[in-house]
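Q: Sequence:
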Amino acid sequence: MQYTLEEIQNIYHLPLTTLIYRAQAVHHKFQDPSGVQLCTLKSIKTGACPEDCKYCPQSAHSEVGIEKEALLDTETILRDAVAAKKGGATRFCMGAAWRRVPHGEQFESLLNTVQSVSDLGMEVCCTLGSLEQEQANALKEAGCAVYNHNLDTSREFYSEIITTRTFDERLDNIRKVREAGMEVCSGGIIGMGESIDDRLKMLQELANLDPYPDSVPINALIACKGTPLESQKFVDSFEFVRVIATARILMPKTMVRLSAGRTEMNDELQALCYLAGANSIFLGDKLLTTANPDSSDDYRLLNKFGLTSLDPDQARAIHARSGEEASIFA
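Residue numbers for the sequence shown follow my numbering, beginning at 1 and rising by one.
No lab work stands behind these hints, which were simulated from the structure alone. Since the structure is predicted, the reported quantities are computational estimates derived from the model, not experimental observations. Certain hints may be false.
Stated by the list, open to error - Cross-link-like lysine-lysine pairs, in silico, DSS-like; alpha carbons within 25 Å at most: (1) K286 x K225; (2) K233 x K86; (3) K140 x K253; (4) K85 x K304; (5) K140 x K85; (6) K253 x K176; (7) K233 x K54.
Take these sequences, add in the hints, and give me the full structure.
A: Laid out in structure tokens, this is it:
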């Protein structure tokens, strides 16, 4: 189904109780309502990224001063993956501050790392920048199940945030990931100064992909000092919940992931996000270079809410489930 902006606006602007009710109906029909996918995100090559993304402390154009680190070796990454698995994560995501994935020794080392983490029985996700098709195929063969490449925002607002990579380059990278047989993880960031319609246009782009992404991370901007967006205020709580609920309705089978920004969210806001259809989070004290809640706090919340970990087989079964998807106008 191809959604128009007007259709998505009509969903988003429903009375909040009605919007959450509809999101819950979709969530219960297509997901395990008590299951949450637990992931860990590790920076395996940090800093000095040539991209000029205004939100990112790792950009070489920012004044954050993050120390540049070379690609970590397999042994170091594997040690972190083992710890993540012991901590309850079922998916291990590796992020590198590259514009394009390199060739040669670094890529061969990366493939070895992917295979080693996959051999632990964890789902492997990578977010490494732009890929050539041969590289995407090689990552898939090595055991990479998922590749992340966010759209970040709407096509119209995009140039206000990034100029070193086009919006269509991101869509092309997603196409390569699908062609290689990996799952697609793609979402965006809320609170960068964009309009509500920009947020809805981003969701429209994602929902109208065929198929739509298997995972959709929704980030609330952390305004890092030294970045061009350092003065942005944290996104309004109810606007954020509305984005989560709208994403759930538009993409019933996707994992809607609460990503960056949870350190600024109280228990009640996170509870509303789960009610609105979020069903995945990142465990661990960092998301690449930004703070994340302590895992003990996350487990305290999950226990309080009566939610349990969703294993990879359950998640795949949800994606594969056949049947007509819920009507947004039901």
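Q: For every hint, state whether the structure bears it out.
A: Here's how the hints hold up against the structure:
{"no.": "1", "hint": "K286 x K225", "verdict": "17 Å, holds"}
{"no.": "2", "hint": "K233 x K86", "verdict": "36 Å, violated"}
{"no.": "3", "hint": "K140 x K253", "verdict": "22 Å, holds"}
{"no.": "4", "hint": "K85 x K304", "verdict": "22 Å, holds"}
{"no.": "5", "hint": "K140 x K85", "verdict": "21 Å, holds"}
{"no.": "6", "hint": "K253 x K176", "verdict": "21 Å, holds"}
{"no.": "7", "hint": "K233 x K54", "verdict": "15 Å, holds"}
Comparing the model with each earlier hint shows a violation of hint 2 alone; every other hint is respected.
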